[in-house]
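These protein sequences, in sequence, are chains A and B.
Using the working numbering, you'd call the opening residue of the first sequence number 1 and step up by one each time.
Using the working numbering, you'd call the opening residue of the second sequence number 924 and step up by one each time.
Note that these hints are calculated values from the structure, not bench results.
Owing to the predicted nature of the structure, the values given are computational and were not obtained by experimental measurement.
Think of the CB as a built atom: it goes at the ideal place given N, C-alpha and C, for glycine as much as any other residue.
Honestly, I wouldn't trust all of these hints.
[As the list claims (entries may be wrong)] According to the in silico footprint, chain B covers these stretches of chain A (three or more CB under 8 Å from chain B):
{"#": "1", "stretch": "667-674"}
{"#": "2", "stretch": "817-830"}
{"#": "3", "stretch": "903-912"}
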Amino acid sequence: MKTLYTFIICGIAMLALTQTANGQQRGLINVELSGAPFKQLVDAIESQTDYHFYYNPRTTDSLKITLSAQNQNVNAVLGHALAGTQLHFAVDPQGNIFVTEGRDIMTDLPVDFFDTGVAPSQQTLASGFDYTAYEKREKEKKLVESKLYAIGPKSSNLQGNATMAGHVRDVTNGEPLVGATVYIEKPLIGVITDQFGYYAITLPKGRHELKIKSISMKSTVRQIMLYADGKLEIELDPDVTPLKEVVVESDKDVRVMGMQMGMEKLDIKTMKNMPLALGETDIMKVVLALPGVQSVGEGTVGLNVRGGAANQNLILFNDAVVYNPSHLFGFFSTFNPDVLKNVELYKSGITADYGGRLSSVLDVSSREGNLKKFQGSGGISPITGRLTLEGPLIKEKTSFLIGARSTYSDWILRQLHNERLKNSQASFYDVNLNVSHKINDRNNLYLSGYMSHDKFKLNTDTSYAYSDRNASIKWKHIFNNKLYAVATGGISKYSYTMSSDLNPVEAFDMNFSIQQINGKVDFSYFLNAKHTINAGVSVVRYSLQPGHIAPKGEQSTQKTMALQHEQGQENAIYIGDNFEVSPKLSIYGGVRYSFYEYLGPRNVYQYANGIPRSESSITDSLYYGSGKSIASYGGAEPRFSIRYSVSQNASVKFSYNRMRQYIQMLSNTTAMTPTDIWKLSDAYIKPQVGDQVSLGFYKNTRKHSLEISLEAYYKTTQNALDFKGGAVLLLNKHIETDVVDSRGKAYGVEFMLKRAAGKLNGWLSYTYSRSFLQTVSPYASEVVNKGDYYPSNYDKPHAVNFVGNYKFSRRFNFSLNMTYSTGRPITLPLAKYELGGNYRLYYSDRNQYRIPDYFRTDISINIEGNHKIKKLAHSSWTFAVYNLTGRANAYSVFFRSENGQVKGYKLSVFAQPIPTVTYNFKF
Amino acid sequence: MTFTKKHISVYALAAFLFSSCLDPYSPPATTGDVDLLVVDGYLSVTSSSVAVRLSHAVALDDSGVPPAEQNANVRLEESDGGAVILSGGTDGNYTATGLTIDASKKYRVHIQTLGGKEYYSDYVDVLKTPDIDSVTWRPSDKDLTLYVNTHDDTGNSKYYLWNYVETFEYSAPYPAGYEVINGEPTYLPVDERVDICYKTNLSTNILVTSSERLSVDLIRDFPLVVIPAGTSKISRRYSLLVTQRTISKEAYTFWTQLQKTTESLGGLFDPMPSEVVGNVHSATSATEPVLGFFSAGEEKQQRIFINNRDLPDNIRRMPLPFCPLDSIEMPIVRSLPDHTFLVYPYGVPVTLGYVSTTIDCMDCRVKGGVTHKPDFW
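Please build the complete structure, drawing on both the sequences and the hints.
See the structure below:
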């Protein structure tokens, strides 16, 4: 190799020194060789012409030339002689011939080298060189990195600051890069691109070297001369790492230097590396591996973030609310991995632009379609099949992305011999559609649609169907470099139906639906280098059809019954300012003011004072006309965070936020079910209010390859809901009689050690957390556990997660995932007694015992196909084993009285190792 | 009933999709005071009697019979003050018969235990119960289900509770013809035969339903009993005596809650278990839970019979019993203890010995029945 470089250097030196005649006319060659060494050909050419050869004898010593040429030029002779070998040749205008192994040599200067137009000789020679796309981009990258960009009209006034703005995109598909860092080093000023890949940075006027970094993209620099406000669009190359080296690169500073705390961001690449439960990358399962996130059990829907209830999470998919992100009662999530870009989970330090739920914000964004070319991808796993297509509708302007996923479990069920299962049905599908359109430099439009549908029926009994649909439209308008606005409109609808025809007399159809229409306008204003201001207004209109039941079939005597529809409106205005006091100290202060009204038309029951609300204490019913306010609530929601950098690699952060929630889920089951109902706050059910303080310490070590973080939090919840024993929630006309007011408190510490990139990457986390609830009622008959605090269903004090990836090579990737947590609390029977011919159980204090601890290990191996750039389709195989140790983790514990005996059972869902194979493809 | 169907089915799905498993689970020893009074009482207009059973709850791992509350003073009190003292009490069962019950009045029980504690039930209405329309049965491919049908034209009943007594006739496959007495095989007289038995079981499940969501007060095909195909219950003749009671809404809530908390609970999609409180309260301590319920009303009964020959083949066909026959030579027969059963002799003209088999094949009483034929049979 070394010799090769020597040759190249010699060649370039020659090129500079000799300036002789044009090489095309140096004479023709006659040569007759049979099995001769290469040297003999060289001698023949050099003697007949004035060409001079540069080559490495070692690369040619095994070569035997058989050739017959009469009056041919040197290109033809060498072309013939070297055909089928690894050798390339290049002829420069000065008559030098370079013979190299494996790669061509460039004999001309790069395009735009002198920026004065194209040299005439290039036209003729360029065709002789076959750069791979990679090398071409490499070359272009060097060009743009060395070029000096003038920003703004030239002027001699270089006093003061100016703001430059633009987008950072992926050069291969034009997709915006979120979270890319754009900064200068002296003085250290930097910004991070937003969800559109947009950045705006205010810098002192003058010459700068602007650095741009993003995860899994090649870092780049731009030489800029900043005269006044202006624009700079930046494209980054994906980091195609050569086989032998691995470059460690990440947004390594964000955790320490960023303002945000209690936030986890995962991109789809990270998620795809994790072992799969059922052959599907499932973002909800990945999120569960993060510290501070729990669920009540394996294969359940809800996330419990920092001791909050499952309905306290705001789940957004492209800014539209998702009410039920699960398929098959929670065994799968509804987000198709092929269309996803990233997931952000905010556990604390939630900024003022988010509101409406207490615990967390899970912001799921899908990719935008490829702006440059058509592409497809898909996969086949044991349960599902999926396909995604994307491409430009108008090149460089409009793109689309459509993804669909469906299951063939129905077909599998029919193949089974078990009679019960044969008559069963379980199916689901989900569809995603995204269109993004660049109207012009200042206006972008994004359309997103999503739908998931599930159908479920067991053994010809009750059948269930549920569906979550939403659509959103987003318009981004850039006023100037300092100000842009995003207007979002969306509609979300969740509905389910239940129907039974087991007994024709009682056959029924029952349905429920909730719909919300929301609009939001959000302004981002980069006031100066120190202040970034974010403000906006948001309106959400809820309408619920809380339950409707009707007879099914002619024989049915079921009464038609419909609960009154519910309407409510939640308005909010907010403003927040990110203030960089000094490089060491940043402050975010914001406030959101939300105002909610519960609206007519509705008949509202009135209850007697001083006794527990019940059906018998109804005294009257008041009618409110359409649009009349029945109850209204509102209040300020302050949000505050502060970051102080102790050193360049360490920082301390503190945050406080208050959240209000005007819609809650009614559920008295341990896990969320698809048939849980949502209820708006009304005259009796007050909105939930949550406060959280958290403190964190962050440190990066060893050149940022290890990130350490420690966060502690304490939070309280007011007006949480609990239910009286035996409450029936479905089709209940006066749900307020079955509800008990309660409050909650939760606290914990989360420790995380993360290596974001490198051959070995992943994280290890430990969480200590507690979560308690307490019923608040003046009536002894309504309180749970004598009115004391009791552990919530998802109170799991200790949790350890390990997620590790090891890249053996670019094609083999090994992942290991280990999870441990304390068992969830359960209520055990205290005693048994005889009644009605059998033993009955007496349950008392809630959640005083725990099911056995949970432990699981999963592994997966990812094998990519070869990395040839040009081939029909790229494919990969994933082999995974879920629950490798086959530990029978308790899913639930229950008791039954059977033949006069009380028997306890422990149910484990994944009691054995579950191997899966998934095939993924991309074209 | 089907309306509030729980998602228990998800387990079956899980079982299919994944390899789920069900293991026995023994809970950790629970602590706390479990000595709670259990009151199970019913005032029957139909039989002009009241029956109250008083017992106590026991710890979950206690294998003994729950202790009865003995020698308490139990009174039935009318809403305007009249009272009757119930007799009995050594076994926890207290009764009074031959009562004159005024259906327009309300009744309650008042209990004073020997330990000095005092309890009252709520006053309850005396409810009318409509007749049972029919008790029917329908076979499926692997079992037989018995259903009850009723309706109330007045529409006042709405909430129903049933219990039943099932009785069935079955036989021993190789009935004993002889028994050993003083070392000699003796022919069993007809009235001592143990070839045919009758067994009686009481219902153990809580059978309640309501028509409140229906436009008419009609219960059709409420399933009471499921009998698997080819079982001894339907090997000869089966009888079911169904007792129907109209219950109050409170009682209905109590029994459904009790059903949920004891017959299926603990699954992630089941309601969280809670204390199920009935309508009996302690007069001395407001916080002392009292278990059980007291109701009053009419009882309606209906009995049906199902003969083996009326059933479809797939249900009536019995699996062959496992009865290994053994021949025992006379000297050994003579050494057998008294009352050892033998099937029949072998050897002609001289009896060489007797054929015998396992005891459950010769004596139907081993499986719990009695040979005395019930009066109604």
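At a Cβ distance under 8 Å, does chain B reach at least three residues of the stretch 817-830 of chain A?
Coverage by chain B holds here, the residue count being 5 at a Cβ distance below 8 Å.
Cβ contact check, 8 Å cutoff: the stretch 667-674 of chain A against chain B, three residues minimum
Since three or more residues must qualify, the claim that chain B covers the stretch 667-674 of chain A holds, with 5 doing so at under 8 Å.
Establish whether the coverage given for the stretch 903-912 of chain A by chain B is satisfied; the threshold is a Cβ-Cβ distance below 8 Å, and no fewer than three residues must meet it.
holds (count 10)
Checked against the numbered hints above, the structure violates none of them.
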